[in-house]
Amino acid sequence: MNGQVFMLKNKDAKNHGDDDKLRPLTKNEALARFQKFRKDLGLQDVHTSKERIKTILEKSGLLSEEVTKIRLEET
Amino acid sequence: MKDIYLDTNVLLRLFEDKAGKENAEKIVLLAKQDKVRLAISEWVINECVGGVQRKRNENKLTKQEAAEILTGIADLVEGKIEEVNLTLYPVTERVIRDSVTTIQEVRCNTAGDAIHVYVADRANCNYFVTADKGLASRIKNSGLRHKLVAVDIDELSDMLNFFSYFE
Chain A
1 MNGQVFMLKN KDAKNHGDDD KLRPLTKNEA LARFQKFRKD LGLQDVHTSK ERIKTILEKS
61 GLLSEEVTKI RLEET
Chain B
76 MKDIYLDTNV LLRLFEDKAG KENAEKIVLL AKQDKVRLAI SEWVINECVG GVQRKRNENK
136 LTKQEAAEIL TGIADLVEGK IEEVNLTLYP VTERVIRDSV TTIQEVRCNT AGDAIHVYVA
196 DRANCNYFVT ADKGLASRIK NSGLRHKLVA VDIDELSDML NFFSYFE
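Chain order of the listed sequences is A and B. Residue numbering for the first sequence follows the numbering used here, beginning at 1 and increasing consecutively. Residue numbering for the second sequence follows the numbering used here, beginning at 76 and increasing consecutively.
Okay, chain A solo, but in the shape it has when bound:
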């Protein structure tokens, strides 16, 4: 019985095209995600500059050729 109800709901949703296009986050939702990201990773009090980031990235090899390999090396 429950299965039937579930199937009808899914069919109904498809007929109305509900599950075609993804919904993006609103600007406030997106900014809230980054606030949470900073909190979860303990970054709230970390400050830096673009130049400093560039130096660290170059030193670590995270940029340049390795940029394209990030996903491959993760797996």
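Heads up, some of the hints might be wrong.
Restricting the straight-line Cα-Cα distance to at most 27 Å, the calculated cross-link-like pairs of lysine-lysine (DSS-like) are [to be verified]:
(1) B:K110 - B:K222
(2) B:K208 - B:K130
(3) B:K155 - A:K59
(4) B:K208 - A:K59
(5) B:K96 - A:K54
(6) A:K21 - A:K39
(7) A:K50 - B:K101
(8) B:K130 - A:K36
(9) B:K101 - B:K138
(10) B:K110 - A:K27
(11) B:K222 - B:K77
(12) B:K130 - A:K21
(13) B:K96 - B:K155
(14) B:K101 - B:K215
(15) B:K155 - B:K77
(16) B:K155 - A:K36
(17) A:K27 - B:K77
(18) B:K107 - A:K21
(19) B:K101 - A:K27
(20) A:K54 - B:K138
(21) A:K39 - B:K135
(22) B:K77 - A:K54
In case anyone wonders, no lab produced these hints; they're calculated from the structure.
Given the coordinates of chain A, work out where chain B should sit on it, guided by the hints.
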């Protein structure tokens, strides 16, 4: 107006001093001029954290340096959300579940690639810009090629010129 999806590696190029940075900045400029719309997925965040952690594990970054990089990336993306209305797509249960078929359709090397491609496709993006030549090639050879145009960041000039003059 056309929608352009940016792969993680394109965003990271904004920190570079090389040719890739120039093209990445041109895309952002087009968005600033309201000639295109930009989109990324939340998966970008996970990939950046994963990449940084890998360097930590290899002892190539200190804890402080890792924190600074992640802060820099958050600053960059947040800034673009404010500056050019960069759209962020969430990685929902549906994205995880349904991108499974994308792995096979596009012959993705990783499940992460498929998440990016799936989100770009289902967000109705017109272009998928990446620094991963292999992924660009696989999208071009997949069934998605008719609705999602894959562009290698290093071969972006024609597309950028088109948008600069005609959009």
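Here's how the hints hold up against the structure:
no.	hint	in the structure
1	B:K110 - B:K222	holds, 19 Å
2	B:K208 - B:K130	holds, 23 Å
3	B:K155 - A:K59	holds, 25 Å
4	B:K208 - A:K59	holds, 24 Å
5	B:K96 - A:K54	holds, 12 Å
6	A:K21 - A:K39	violated, 30 Å
7	A:K50 - B:K101	holds, 18 Å
8	B:K130 - A:K36	holds, 23 Å
9	B:K101 - B:K138	violated, 33 Å
10	B:K110 - A:K27	holds, 19 Å
11	B:K222 - B:K77	holds, 12 Å
12	B:K130 - A:K21	violated, 36 Å
13	B:K96 - B:K155	holds, 15 Å
14	B:K101 - B:K215	holds, 23 Å
15	B:K155 - B:K77	holds, 18 Å
16	B:K155 - A:K36	holds, 18 Å
17	A:K27 - B:K77	holds, 19 Å
18	B:K107 - A:K21	holds, 24 Å
19	B:K101 - A:K27	holds, 22 Å
20	A:K54 - B:K138	holds, 16 Å
21	A:K39 - B:K135	holds, 24 Å
22	B:K77 - A:K54	violated, 31 Å
The structure fails hints 6, 9, 12 and 22 (numbered hints given earlier, in ascending order).
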